[in-house]
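Undergrad: Chain residues, written in single-letter form:
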Amino acid sequence: MAEPILKVSGLYAGYDGIPVVFDASLEVMPGELVAIVGANGAGKSTIMRTICGLMHPLKGSVLFEGADISTLPANRTVKLGISYVPEGRRIFAKLSVEQNLALGAYAEDSKTEVKRRVEEILQIFPVLRERARQIGETLSGGEQQTLAIARGLMSRPKLLMLDEMSLGLMPTMVEKMMETVIGINKAGTTILLVEQMVQETLEIAHRGYVIQSGNIVQSGTGRELLDSPDVRKAYLGM
Amino acid sequence: MGAFGSPIHCSQRLLFVHSMETVLQVLIDGILSGLLYALVAAGLCLIWGVMDVINFAHGEFLMVAMYVSYWLGFLAGVDPLVSVLAAGAFVFLLGVLTYQLIVKYTVGKPPLAALLATFGLAMLIKNFCLNRFSPNFRILSDTWLGDKTYHLGELIIPIPQLVTGIIALLVIGLVYALINSTRFGWAVQATAMDKEAAELMGINTERIYLLIFGIGGACVGIAGGIMPTYLAVHPEVGSLFGLIAFICVAMGGFGSIPGALFAGLLVGVVESFAGFYIAPVFKYVAVFGLYLAVVAFRRKGLFGW
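Chains as they are written, first to last, in this note's numbering: chain A, 14 to 251; chain B, 77 to 381.
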């Protein structure tokens, strides 16, 4: 089997030295769409923040394409090909859609290349083209989430990490987002997805990990997890 | 009577000219000192806007720049118009070092930490200069601009202040363009809005902070570099300017450069009119009274968001 693009082993991570994630290990293969599901506060975001370098592991390692990245700051992991779309969108509210997108490719020095990518992204997300010159905060919730994902794609990541993108969106919008994610994945980008919407997420994921109070308690293909009695009982209310 | 006109007519005309011209003259003086205040404030404003740090040593940065320019003039005969570049560069470095050695350790800590740390730095710089250069007032003579004036009808425009004003406008315009029209500037704005998200874009936010402290320093350094042409240098000179810069930033709306420019002009004009029409000792009473009124009614300043 091929080398995993991302390999997290024995990860302890947390805040002020106090771990909230215990001994987590997970792998993502190139081209995969992997989901981490679990309740609010289970430690899903902490894992992602530690992978991208906003936080650093208390113990354990994070390997990206075989290289240890556990001590790199976030502005360096972007350049290696990791893009993290944080929970709550975190778009630059006072900058225009175009400026937000351009900043997504900040690591790219060539102006013409940045322009080309903006143009390309606007073709993929036509809703953003209509709003290209608008200030970020004037966009609707769904549009802001679209912008956050589009901005995350501007760095041409090998691994795109999406954190709670369904949060605060209406159900039809969630469905649209899920389709967008499948599209991005089909186009060749590896995706790691964190969600509270267990059913919808496991339906589109190749594989998934279930996390409970900081421990990874189960893993398997999306189908396997959906069929697992534990998952059904704990998250799907069946 | 003939060519001399009637005495009554003549004095009436003089009175009229006197008052109209005087208002204009006082206005011009106010605008010119206002532009200088605005440039000093712009540096402070930039640092606050991006990092939420009030650099308490800002006035001392100005004083350092004045000494750089003064000593270059006194020892090497360099005119302040040239030294201004050296002073700007010197205080740019001073800003960078201040960030790297002091302010960096206060980021993410309670706001008081940065305030106290830079306050300590201000004390250090001030007392260093007091110790090395004595409290004497020092004035550069024989500068290129010196006491030159430009007469516009009855109005007298002091050339050194005029040139300072033009430089101030240029530098403020340049900084404004840098922040609003370049990719670096967008990255600065992004860092100011959401440091973590900026980091996720690949922006090295530490470096942005470092450069902003440097650029903020360069603004005040340029202001201080030109000032020895018409103002005496002494170790206390920065205190008042630092305070005025602070109220300009607060009145303009923290972080808004156009706000700082407007507030600087307002302070200059109010100071000038109060000083002339009430009494010179009242000019700062008027300025600080205005400041209190503005922050009482518009807590976020005139341009704040």
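Treat the hints as calculated values from the structure; they're not laboratory data.
Virtual Cβ for every residue (Gly too), placed ideally from N, Cα, C.
Errors might be hidden in some of the hints.
[Unchecked claim] Reference excerpt, derived from the structure (chain A facing chain B, CB under 8 angstroms, subset only):
| hint | residue |
| --- | --- |
| 1 | G27 |
| 2 | Y28 |
| 3 | G30 |
| 4 | C65 |
| 5 | M68 |
| 6 | L85 |
| 7 | A87 |
| 8 | N88 |
| 9 | G94 |
| 10 | Y97 |
| 11 | A115 |
| 12 | Y119 |
| 13 | S168 |
| 14 | R169 |
[Said to hold, decoys possible] Each computed DSS-like pair below joins lysine-lysine, with the alpha-carbon atoms no more than 27 angstroms apart:
| hint | chain 1 | residue 1 | chain 2 | residue 2 |
| --- | --- | --- | --- | --- |
| 15 | A | K124 | B | K271 |
| 16 | A | K72 | A | K189 |
| 17 | A | K107 | B | K359 |
| 18 | A | K72 | A | K128 |
| 19 | A | K107 | A | K128 |
| 20 | A | K199 | A | K171 |
| 21 | A | K124 | A | K107 |
| 22 | A | K128 | B | K271 |
| 23 | B | K376 | A | K72 |
| 24 | B | K202 | B | K185 |
| 25 | A | K107 | B | K185 |
| 26 | A | K171 | A | K246 |
| 27 | B | K202 | B | K224 |
| 28 | B | K202 | B | K271 |
| 29 | A | K189 | A | K199 |
| 30 | A | K171 | B | K271 |
| 31 | B | K376 | A | K107 |
| 32 | A | K92 | A | K171 |
| 33 | A | K107 | B | K271 |
| 34 | B | K202 | A | K92 |
| 35 | B | K224 | B | K359 |
| 36 | A | K92 | B | K271 |
| 37 | A | K171 | A | K20 |
| 38 | A | K72 | A | K124 |
| 39 | A | K72 | B | K185 |
| 40 | B | K359 | B | K271 |
Undergrad: Enumerate the violated hints, using their earlier numbering and listing them in ascending order.
TA: Result: hints 1, 2, 3, 5, 6, 9, 14, 16, 17, 18, 23, 26, 27, 28, 34, 38 and 40 break, sorted rising.
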